[in-house]
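*Asks:* Taken in sequence, the protein lines are chains A and B.
According to our numbering, the first sequence is numbered sequentially starting from 1.
According to our numbering, the second sequence is numbered sequentially starting from 1.
In short, the hints are calculated from the structure, not lab data.
Fair warning: there could be bad hints in the mix.
[What the hints assert, rightly or not] Once the Cα atoms are required to be at most 30 Å apart in a straight line, the calculated BS3-like pairs of lysine-lysine come out as:
#1 Lys116/A / Lys59/A
#2 Lys120/A / Lys54/B
#3 Lys54/B / Lys59/A
#4 Lys59/A / Lys160/A
#5 Lys116/A / Lys160/A
#6 Lys54/B / Lys116/A
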Amino acid sequence: MMIDSQARKLLFETVAQRVIASADELTDLDRAIGDGDHGTNMRRGFEAVLTTVDELSAKNLGESLRGLGTTLVMKVGGASGPLYGTLFMSLGKSLGDEVSRERVADAFAAAVEAVKARGKSDVGQKTMLDVLAPVLEVLREGGDGLPLRLKAAARDAAEKTIQMRAIRGRASFLGERSIGHMDPGARSSALIIDAIADVMEGFA
Amino acid sequence: MSENVGIVIVSHSADVARGTALMVEQMVGREVPLGWCGGDPDGGLGTSVEAIMKAIDRAWSERGVAILVDLGGAETNSEMAIEMLPEERRGRVVVCNAPVVEGAVMAATEAASGATLEAVRRTAEELTPI
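Bound-form chain B, shown alone:
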């Protein structure tokens, strides 16, 4: 269990998600629990609720998880995934309204400083450190 807020990256493309995850790791190393997923259930472009739930599980932190998404379906599927989480986790996961690459890097950098989930989300959405 990590003390820092976790970050989840959800893209329609597994390559984009993995590349973004690498950029995040370059900034924060292993200080921030990180999960990512991309692609539909058959491996094509798209997103999958099942994969998002697994990514949230990998990035789980008791202090919460911030999700960064690319396009509409990624957002809708992420919101659905959050609703399907066990009740005690549901309130501690948020979807950030931010561009996926810049948002993920900014959010992770903020998370690595020990910031709260709300601060991480705001940093991602405003794209400036608080």
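Chain A on its own, in the form it takes in the complex:
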């Protein structure tokens, strides 16, 4: 499967628009257990992506993903800038224009490891990794109805962070009180996976 510049533009725009549209929700989630800036930060980063989307998507897939990551690193502001920036930069390092499910799964696995290293974090600590790791599992399995299953996995995984206690990030200062709220980074990761799956299915 080939991802051309038109497909890249649609992908980046859809992801950016979905994150921007949910910025207030992300900020509300972050206000409950963090410093209340996740939505504002992500909006700033993805607005910067939208303003350069033509330039970004004109490059090949690897370079455009690296460019997207760099934009997020420079513009987001919170820890989510380097974390999402690392995710996309790592994907860009591994992917060429010609993709297959196996190649994307391998690239995504490397990107998840890069996010773990950047955040000095792991699965089970109430972070974006608690969405990315189960999504990776589904991606590895492959099979029928993959976009729908990816969406469901991301949504369910984000829901599961409600019951978790935060170990990393500002939410960890709350200890037990972090339980009962969805992790904002898990939610933004689910939004991004949802947007990508919709583009895969032709819904966006």
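Given chain A, put chain B in place with the hints provided.
*Replies:* Same frame as chain A, now just chain B:
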């Protein structure tokens, strides 16, 4: 180019970063190259990789730069900023695991004595002169 290790202060708040920088200057004057930044790219509370890279540049010393940070995002953004530096500089910048105000003052005092980057970092992290 200064002979002493440089110090960078990174806070979520520009006021905290500037205030800490003033406390450092009170101790060491201009003997230590100093850079500081605070606030997200829009000027709200937060940290910015771009601003951190500029602060490292202002505090640059061939003997290295020690960064003092306040909360998580400041650390993650500082580590990212270091990785985005030119390769010849990357290995000479460290993030200290120390409280930002006390750490910066101790680190700068140590740096003013001509100490190495490693000694400056250890002093900040142990909060006692070596």
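*Asks:* Does each hint hold? Answer for all of them.
*Replies:* Against the structure, the hints:
{"no.": "1", "hint": "Lys116/A / Lys59/A", "in the structure": "28 Å, holds"}
{"no.": "2", "hint": "Lys120/A / Lys54/B", "in the structure": "25 Å, holds"}
{"no.": "3", "hint": "Lys54/B / Lys59/A", "in the structure": "28 Å, holds"}
{"no.": "4", "hint": "Lys59/A / Lys160/A", "in the structure": "37 Å, violated"}
{"no.": "5", "hint": "Lys116/A / Lys160/A", "in the structure": "19 Å, holds"}
{"no.": "6", "hint": "Lys54/B / Lys116/A", "in the structure": "27 Å, holds"}
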